[in-house]
Structures are given as C-alpha cells and as structure tokens.
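> Below are the chains, spelled out letter by letter.
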Amino acid sequence: MSSMSKFAYVGVLLACLIGTAWLEYFLRTKVYRRTIRLFLTVLPVALAFSIWDAYAIAQGHWKFDSRYVTGITTFANIPLDEILFFIVIPICSILSFEAVRSARNWQAGDEGKN
Amino acid sequence: MTYTQLTVFGVLSVVALDLYVFKTKILLRRVFWTSYSIVIFFQLVTNGILTGFGIVEYNGNAIIGSSTPSDSSPAFIGDGRLVFAPIEDLLFGFCLVVLTLTIWVWLGRIGVQREPMSGPPRQSVKRFLGSK
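Top line first, the protein sequences correspond to chains L and P. Residues in the first sequence are numbered from 116 upward in steps of one, following the working numbering. Residues in the second sequence are numbered from 4 upward in steps of one, following the working numbering.
In case anyone wonders, no lab produced these hints; they're calculated from the structure. Every value quoted in this text rests on a predicted model; they were computed, and no experiment measured them. Backbone N, C-alpha and C fix where the C-beta goes; we use that ideal spot for every residue, glycine too. Warning: the hint list may mix true and false statements.
[As the list claims (entries may be wrong)] Here are the simulated DSS-like cross-link-like pairs (lysine-lysine), alpha carbons at most 30 Å apart as the crow flies:
1. Lys228/L x Lys28/P
2. Lys121/L x Lys26/P
3. Lys26/P x Lys228/L
4. Lys121/L x Lys228/L
5. Lys178/L x Lys228/L
6. Lys129/P x Lys178/L
7. Lys28/P x Lys145/L
8. Lys121/L x Lys129/P
9. Lys28/P x Lys129/P
[Said to hold, decoys possible] One side of the interface only, derived from the structure: several residues of chain P facing chain L at Cβ under 8 Å:
10. Val24
11. Arg33
12. Ser38
13. Val42
14. Asn62
15. Ser69
16. Asp82
17. Val100
18. Ile106
19. Arg112
20. Gln116
21. Ser121
22. Arg125
23. Gln126
24. Leu132
So here's chain L without its partners, still in its complex pose:
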C-alpha cells in the first residue's frame, strides 16, 4: 500500500477525468475535439495558478504530505501533481459548462450571431 499511496493525489485527478469523460460522448460537448481552443485556454490558466501556487508554497500557506504525492517536483518546488490539477480541473469545468449548454440549449455569448 505504501508504494501505491503516492498516487493518491493523481488518483483523485484521474477520477475527475474519468468522471467527466462521458459528457464528451453523451452530451456531445466537443471539448476535446476543439483541441487548440482547449490548449489555449488551459495554458494561461495553468500558468497563472502555478505562479499563485509557487507563492503559496514559498510562503508556507500549504504543503503536501510526501506519502501521497508522486514525489516529482517541477519549477519553484511545485509538485507535478499540482500542475496536473491546474490542467485537469479547467478541462472538467469546460466539460461541465458545455454539457449544461448542450442539455439546456442555453447561449454562452460565443455563438457568433448577434
């Protein structure tokens, strides 16, 4: 178990990805299909929140239990797990947003008419 527990954080993220994946098929969210737009959205968001994270870690606002993270650290002492969080959660948010829009047929302001 101790060897598996370091995947606890990324396991939660994987559950988020699996838990939202069905929306792409059943509600035809077409989020993953719009790869460039998805990439251009996630990149600045992940960058901005990584800076916040770097500051928070440096200031000691929060820390990570080394038993539950992969142990791979990126720039400014940010665990890889956190970088993945800032990629996965935006993707899940967009999927939810597009799923509601698909289900209710509501406008979001990017339809290109009016």
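Guided by the hints, dock chain P onto chain L, whose structure is given.
Only chain P this time, still in chain L's reference frame:
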C-alpha cells in the same frame, strides 16, 4: 499576503476580467451558474478527499481557520472549514473556474474553434433530461 487576502483579490480580479476586460460576461448567464453549481458540488467531494486525508495541509497563519493537525483530520465543518477544506478554497476554485470559462468563451468569440458547437445531447440522454 495571506491565502485569505489572495482569494479575495483573486475573486475581484476574475470578476473584473469577465465583466470589463474580456467582456465575456459569463457571470451574468445561467449557463455559468448552473454549471458552476455542479462543479462546486464535485469540488467539495474531491477537495474533501485532498484535505480530509491531509494530502494537502494548510498553515493556520494563512487562513481563517487553524492549521491542519499533523496527526488527525481537520474539522469537517467549522473552524473556517467546509468539508475539511478551508473556505478560502471555495474562492480559489471560483477563480480557477471563472478564469477558465472566461478565456474559453472569449476564444470562441474571437473565432478560435467556435465550431463544432456542443450538443445536441444523444437521444438517450435527451429522453432522460427532458430537454428541448
């Protein structure tokens, strides 16, 4: 700055970005608030796991509540926490979601992969949802 102060600053920033900078105004749309209410539910579940098991631990100097105890779970509710997580995390999550959707919608507005639009739901789901 404390985490508390940063989240307040963050919320004001993303609201300004949505309403005045990008002028996407998703905060004025029910598609945002409906999807955000779904997201917030799952945020409480997943963040509850991350904070309840102490995968992420907080410093009491940076939040309204006290530090994550080293040998036990933080309060489930109370002491500035909701489902183990500092209430600041709700604002942090709000910032993350609003910034994401503002940029997503803005890119669509300027014509970056506006198509293919989402929907319609598959027939099986349509029947379940009762949507038009």
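> Find the hints from earlier in the document that the structure breaks and name them by number, from lowest to highest.
2, 4, 5, 6, 8, 10, 15, 16, 23
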